[in-house]
Structure formats: C-alpha cells, structure tokens
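Quick note, the sequences are listed as chains B, L and X, same order.
When the count follows my numbering, it moves up by one through the first sequence with no breaks and lands on 220 for the last residue.
When the count follows my numbering, it moves up by one through the second sequence with no breaks and lands on 1304 for the last residue.
When the count follows my numbering, it moves up by one through the third sequence with no breaks and lands on 2486 for the last residue.
Take these hints with a grain of salt, some might be off.
[To be verified] Across the chosen pairs, the derived CB separations fall in these ranges: (1) B:53 to X:2383: 53 to 63 Å; (2) B:183 to L:1200: 49 to 59 Å; (3) X:2224 to B:59: 39 to 49 Å.
[Claimed, not checked] Derived list of chain L stretches under chain B, where covered just means 3 residues or more per stretch with a C-beta under 8 Å from a C-beta of chain B: (4) 1069 to 1082; (5) 1172 to 1184.
[Unchecked claim] To spell it out: a stretch of chain B is covered by chain X in this simulated footprint if at least three of its residues, at any positions, have a beta carbon under 8 Å from a beta carbon of chain X; those stretches are: (6) 129 to 143; (7) 149 to 161; (8) 183 to 190.
I should point out that these hints are in silico values taken from the structure, not numbers from a laboratory.
What you are looking at is a predicted structure, and each value in this text was computed from that prediction instead of being measured.
Yeah, the Cβ is synthetic: ideal placement off N, Cα and C, and Gly gets one too.
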Amino acid sequence: MQVIDAIMVGMVLTCLLLLGSSRLGAYIRIVAVQGIVAAVVPLVAHGHGIGLQAAVVSAVTLVMKGIVFPRLLFRALYAAGVRREIEVYVSFPVSVLAGVLMLAGSCWLCGRLPLGAEVSGLAVPVAMFTVLTGLFLIVSRVLALTQVVGYLTLENGIYLLSVVLVPQQLFVIEMGILLDAFAAVFVMGIAIFHISREFDHIDTQAMDELADWRASKETE
Amino acid sequence: MMARAWADAVLGLALAPLLGGIIVRIKARVAGRKGAPLWQPYVELVKLMQKGVVYSTTSTWMLRMAPAGIVAGVGVAVLMMPFGGVRGVISFEGDVVVFVLVLGVARVLTVLSALDTGSSFEGMGASREMMLGVMSEPALLIALAVVARQTERCTLAEICAVAQGGAWAAQWPVLALVCAVMGVMMIIETARVPVDDPATHLELTMIHEVMVLDHSGPDLALMQYAHALKMWVWGVLCVNMIMPKWSAWWMQTLAGVGGVVALTCVIGLVESSMARWRMNKLPQLAAGAGAVALLALIIEMWRR
Amino acid sequence: MTRLLVVLPFVGALMALLPRQAGLRRAVLVAVAALHAAGTLICFIVRPEIRAGAWLGLDEAGLLVLGISSALFLAVSIYTVVYLQRQEMPGLHLHEHNEPERVFCGCLLAFLGTMTLVTASRHLGLLWVAMEATTLVSAPLIYFHRTQRSLEATWKYVLICSVGIALALLGTVFLAAGIPAHASPADLTMERLVGSGGMVQVEWLKISFICFAVGYGTKVGLAPLHTWLPDAHSEAPSLVSALLSGALLNCAALGVMRAHQVCVAHGLAAFSQDILMVLGIGSVIVAAIFIIGQSDYKRMLAYSSVEHMGIVMLGVGLGGGAVSGALLHAVNHSVTKAALFMAAGTILETCRSKQVQDVRGLRRRLPWTAGIWLAGFFAITGTPPFGAFISEFTIAARALASGRWLISVLYLGGLAAIVAGMARIVIEMTGGVPGQGMAHGRVREPLALVVPPLVLLGVTLVLGVYVPAGLWEFLQRAAAALGGGQ
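Using the sequences and the hints given, assemble the complete structure.
Below, the structure written as structure tokens:
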C-alpha cells in the first residue's frame, strides 16, 4: 500500500508541475511521465497475481502514453515551429493555487461518495484531481498544443479512476480509453499542423473570427 | 535533561558561524581555489566588534536597537530548538507557533531597520524580503502542521521527534513532501543560491546583504551572527525531520552536529553548481513550496 | 439484421475510397444510402428481437433515431451528388481548394456507420465508443472547404466534443463503480441496468448522470456547452450541416436519454428530470438571445438547432405525455432542419455569401428554393399545419398542466422571440429586390437540389395534419421507458 500512496503523491506532484510549468517541452514530458505512472498502477495495485489481461493492458498503455503520444506531439510541435513558452489566461501562481483548491474539492466530493475498500484511500481523490487539472488546463491555456496536453491529462485521470474503481478490469473500457486517446491525439496533431500552416501560429486566442460577440459588433 | 539542553544550546550558539565558513570553503574548493580557513567567520566577528560604529543622521533608535533585537529573537529560536533528541531549553505546549512567531519578529526587525536608514537600496531589499516572507512563513507553518497532525502533539519537541517513532516507515510519502518543502524553505530563509547570492556585490541583485549595507562595527557583527544562528536553526529543524533515535547521548549529539554539517555541505555544493534565478521566479518558487505544503496537508487530512 | 445495418456503411466507406472515377464513387454513396434505408424500413416492419445480454439491438427509441438518420442520409446523398458535381465546375464554387473527394465520401459513409452503431448499442461502453467515433469521423467532413474559418470551427468541434465525450466516459466509469462487487460481473448493458431495478448505488448513479448529462449534452449542443455548434454547423458544407443537425444531435440525445432511462429505473426520475429541464430551457433562452440580430443565416439555423434540442430535452424532463411529444419533435426538427440546410446550401452557392445583408429577392432568383426556405421557416417555428406545432404544443400543455409556470413562461417567450428573430431574416432574404452589385435573373435549380428538401417538408406537413396511430403508439412505447406516462 505504501507504494501506491507514493505513486499517488507522485501523480499529485505531476499535476502541480503541469499547472505551474511554463515551457511546452516540459508539458509534453510531464504528461508522458504521468501516463507511464498511471499505466504502472494496475500492476502494483492488484497484488493478488498479475493477470495476463492486466499485463497486456499495462504494456500497451505504457507504449502508447510513454512513447507514441510524446512523439506525435513533439512532431506537431516542431512542424508548427512555435515558440516554446506557454501563454496563459490564468497566471501560474493562480493556477497552482487553483490546483490546491481542486484537490481539496475532489477530497470533499469523495467524502460524499460511498467508497469501499479501495486499492488506496488516496487513489480516487487523486484521480479526480487529475481530471479537474486536465479540464483546467484546457480552459486556461492559450496554445492549441497545450489544450491537447490538457486533454491527455483528462484521459489519464479517467484511466486511473477506472483502474481503481472497477477492479474487474473491464477490458472494453481500458482499450476504449486507449484507442480514444490515440485517435484523438492523432486527429488533433493533424489539426494543429493545418492550423499552423493556415494561421502561422497555434494561438487559439487569435482564432476568434467566428465569435458572435464580434460579429454582432461589426454589423452594428 | 536541562543541563543537556543548555549544553546543546551553547553548542549551537558557538558552532553557528562555522557553517558559513564551511560553505565558503566548499565553494572555493569546487572552483579550484584553496579558500579561506574554516574559522574565518569568527575572525571577522571579532574584528568587527573592535571597530567603531557610524550611524546615518536620518536614522533613529530603531537602527540602534534592531541588531540586538534580531540576535535576541533568533537566539530564543535556538533555545527553543530541540537538538539531539532532547527538548529545547524553552519548551511548552504549543510552542510551535511561538517558534515561527519569533523568527517572524526577527524578520520584521530586519525590515524595519532597513527602512529606518532612509536609503532606497535598503528599501528595495526590505520589499523583496517581505515578498518572500509572505509566502514562506505560511508554508513553514503548514509544513509543521502536517507533522503535528501525524505526531498528534503541538510541541516542537514532539514534532522534531517524528522520525524516532517509526513514522517514516508508515507515512513516508507525505513526510518526504514535507522534507522537500523544508529544504526549499531553508534555502529561501538563509538566503542562499538560487534565491540570493551572498557573494554578489551588485546592490540591485541583493536581497539580504543590501539590508545591512548601513550597519557597521558591532552592529554588523551582530547581524552576521544572527544570520549564522538562523542557518543553524533551520539546519537543525531539517535534520530533526529525518534523524532516527540513537542509543547513547553523545552519539545523538554527534549525529546532530554531523547532520547539520552534512546539510551545509549539500547547500554549498548546490550553491557552486547553480546560478541565481531571475527575480520573477522567486515568488513562484515560494508559492510552489507553499502549494506543495498545502497539498501535503490535504492528503494528510484526507487520510484520517 | 442489426449487425448487417451497422457493417454495411463501413464496407461502403472502404469501397468509396477505391474508385478513381468520381461518378462511380457517388453511385456507391447513393446505393449504400438506399440499401441502408431499405434495411431500416424492414426493421420497422419486422422488428428484430433483442437477445438477452446482447450488445447490439434496436429498441423503440434507437429504431426511431436510426430511422431519422437513415432517411436523412438518403435525402442528403442525392443532394450530395449534384453538389459535388457543381464543386468540380470551375468558377461556380466559392472556395479555393477542397478536401479530396474520396476522403469526403468515405468519411460520410463511415459517419452513417458510426451513427447506426450509436442507435443500435445496448451496451453503454459500446455506445461511448461509437459516439467518440462519430466525432472523429465527422471532423474531416467539417473541414471540406479548406479555409481558415472552417479550420477554426473544426478545431473547436474536435476539442470540445472530445472533452465532452471524455466526461461521458467518466460517467460510464462511475456507473460501473456503482454496481456492487458482489453482483455478477459488471455488465453495462441496458438489460442489466434497467431490468434488475435498483442495482446501482444511488450516489454513484447521481454523479454518473451528471457526467452523462454534461458529456453527451455537449454533443447535443445544450447551453452552456454549445459553443462549438454554431461554428461547426455554419462552416461545414450545407449537406454535412444537415446531417450534423438532423441526425447526429439526435444520436447524442439518445445517449442522454439512455442515462435518463437508467435513472428512471432506479427511482431517481425527479433528479434527472430537473437537470434535463434546466439544460433544456437554458438552451432555448440562449438560442433566442443569439438568433435576434444574427447576421449569418447558417448560424441562425445552427442556433435554431440548439433551441430545438433544448425543447426535446425539456420534453423528456417534463415527463408524462411530453416525452412522446419530445420524440415526435425530434423527428419534425430533423426533417425540417435538413430541408432548411439544403436550401441554404443552394442559396450559398448562388449568392456567394453567408451574410443576410448580401441576399435579397430570392423569390425571383431561386423560386423553388425560396419557397422551401419560407415554408421551412414556418415549419421550424412551429406554425400549424406543420408538424412542429403538434410536438411543441404537447410539451407546452404538459408544462402548464403540471403547474410549472416559470418554465412555461420562459418556453413560450423563447419560442416567440425566436419567431421574431428568424422572421426578420427570412423575410428580408426572400422578398425585396436584389440591390446594387448583386446578380439578377433567375438561376437554374437542378432537380436533385430541390426534390429532397421538398420531400422532407412534405413529411413534416403530413405529420402536422395527421399522425398515424401506429406511429403514435410506437412513440408512446419508446417514451414509456423514459418515464413517460399515458
């Protein structure tokens, strides 16, 4: 159980790093580490013999999140040729503070749910915190690539939750998550490439031509 | 028990300036030089005590009173600090808060005396000091609160005995976080690289040294001594978090001193290998440490 | 049979990628669409039975949505053939370069396949996979005309809908977590969830439903999660918008309704109904705000979709007779919106602008299309004798009968505001004289661009005058599972 606790604390720290970091390369690496850690959890958690299914799922997840996704994202990054600094709607110290509030919130929420003898007392709040971090990153960061990283964090959190809450290892869910993340990252990578070609940047703040507020102002 | 406590306190008061000498020596050796002897800080203190004092005409009683007050404050912290498994000379229920308060008083007096000189350099240093202090003091309090929750007592002695009760085996992730926070706090509070470079001579880049620019003679000696005592206090605090129980009393004292010296060496090595960070990153560092402390608190409260 | 219906469009998609001749490809498109529609019709007549524990099966609600989607796809495929032909003709199209046509046709057919899978899923995990697949497969469809605006719309669509679907996955996980470990292996089929009556723990079910409502609700376009909808539906080619508005929104609503079904079976009907009502009425009001003063007629249609999906959710949330009204409204809305979008596509091709101020005097330039545009406006705003009147009336009656005064006032007020907003736009476009700098003179309207919308409008007209007893019974059976009485 100690190992699981340490892993969960590690996940919390990765989320905090994501909230406070300001460089794109660091973002992609941190989310890759997070994915690897999440992939290892099922192997460590259900200590009563590692089933073949669990091993296969963990191995595939490890490869995808540790190698394939970062490759795709870095390729999109270099192809887009963007600057490596991250721009934000919410400043970094406020993001970190929001992260602490989100952890407190997910602990409160878990207090209201009937949690049984789960793998570790920490696991469910930490997984929910990861989900909230992902959502926060998507909303508060400007560059399109960081929104993809936020999406991956969201998926990591959901994956962790499914591993912890549904110990019967619903194969469909796990493979579905993986497939979904892969396809989404693939499509988003292509989209980012097109965006950088059309717009010469991947700054979503500037992609605001299709806004109704602006449209209505123009016609007035 | 009291005799040992007094002896440990006197040991701390005596050994504190040595830590500065150790760091200077390590930095010199890493840079390929021979470096000043280890007892150089003592020589400097003696030298400064023999000199006369010059006070600016715009300064008031605050500038004259502050150095003594600061040494008194940090000295009380030394007396409160448990060392070598023995509780401090001053120890009572809930003394954790007083400990943080006393260190805070020392900081306030430093800042006030700096503002009292009427010079803009000192004012700049004072504002920077407060900016970091605003974030680091709550972080210290929260980190101590986490440990207090684990040991379920509010006395500094119990808190610093956390490593002796087998808490590490049971709760090491949270304790590891607390230690990390305290390490960062130590660097911030004792003004080492990457927060503040003690070897710089450019006033605009200073935080701590710039506040003592207008002190001279015995006042400067007292300020330097207070700085050394602060490093001793922080070093002992950090070492206590991980110090296990030894069998004999002399082994405990030796281990305590050895731990503090080892920590100082680590700081010296870190200082030789890094440059100082940009000024806008420092609040982020302090806020990050505070956030990690809060995280540790939330995790600790969730468990119980 | 069900499996055949699911697999057929995918096979067609692969076949569409092969031929080099455009004509053969379009023939494949129409042929597969026709076969699929025929298969769906057979399913209506000879209801295939749902085996216990099967992952695929068509119950009443699924069959309804499948029928709408299939019929719409057939109509749109005929329209697409001529649309693609006109895209190839130089000088006749607006855009610099388009996506390769084979990708477009392949994705269209795959889109039909994934939608069929959504309607036929009995397993919530499979439903989720199919929903995510619809998002990913429809993204290239929106990006057909390669412009900056459509790229921005595609990015928002992919990102926001993927986040929504991820939240729905979270809901699925919570649902699975709520099944006690001592029960037989966690089986997320509708049979197990609904039949056992009370198998899922209540707290987990509540949080799971919230995740489903927000997650799938994002894909339905409920406010405040609708921000992707106006962009995606206005920047996509009109036939794609017709499919997105008419078919995909219904499939996503089906997802929300499945979650509602589980809640009803566990006695949490009041909880989920409240949430659906709030989301529904919120969507109506937000749509009303943005339609008034809208300057882009395709965005107007998109906001109208938001409004009507809000009405459907409101109907399901009100319970009782309003549920079958909501299902009928889904049919009416899909059919009418598809017709309107197809007309809008023809208008866009001819007048070269999406701005209302650039389009005048349609009844002289494009008489048939103008007629469809005007009739469609009356149909979509719930004017008798068109079908939407019946369905909206049913919902309003239920709201008043159950004493929900605030909801009734907001609902009717929102509808009135939308009529006012749309009327200004439609009448300005249809009437008047083309101004300076605009072309005059009648433009030839190919049959294939006019007949499908006319047929669709005819359907909603018939439904407004006379709803066949068989259909009404069918709707009530579908509604019964969703908490609808009488």
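Results of checking the hints against the structure:
For the hinted restraint 53 to 63 Å between residue 53 (chain B) and residue 2383 (chain X), the CB-CB distance of approximately 58 Å keeps it satisfied. Taking 49 to 59 Å as the suggested C-beta distance range, the pair residue 183 (chain B) and residue 1200 (chain L) conforms, at roughly 54 Å. Taking the beta carbon of each, residue 2224 (chain X) and residue 59 (chain B) are about 41 Å apart, inside 39 to 49 Å as hinted. Evaluation of the coverage hint for the region 1069 to 1082 of chain L: breached, as 0 residues show C-beta separations to chain B shorter than 8 Å, against a requirement of three.
Only when three residues or more bring their CB closer than 8 Å to a CB of chain B does the claim for the region 1172 to 1184 of chain L stand; here the count is 5, and the claim holds. As drawn, the region 129 to 143 of chain B meets chain X at 3 residues by the rule of a beta-carbon pair under 8 Å; at three or more, the given contact holds. Coverage of the region 149 to 161 of chain B by chain X holds in this model, with 5 residues showing a Cβ closer than 8 Å to a Cβ of that chain against a need of three. For the region 183 to 190 of chain B, the proposed coverage by chain X is satisfied: 4 residues have a C-beta within less than 8 Å of a C-beta in that chain, meeting the threshold of three.
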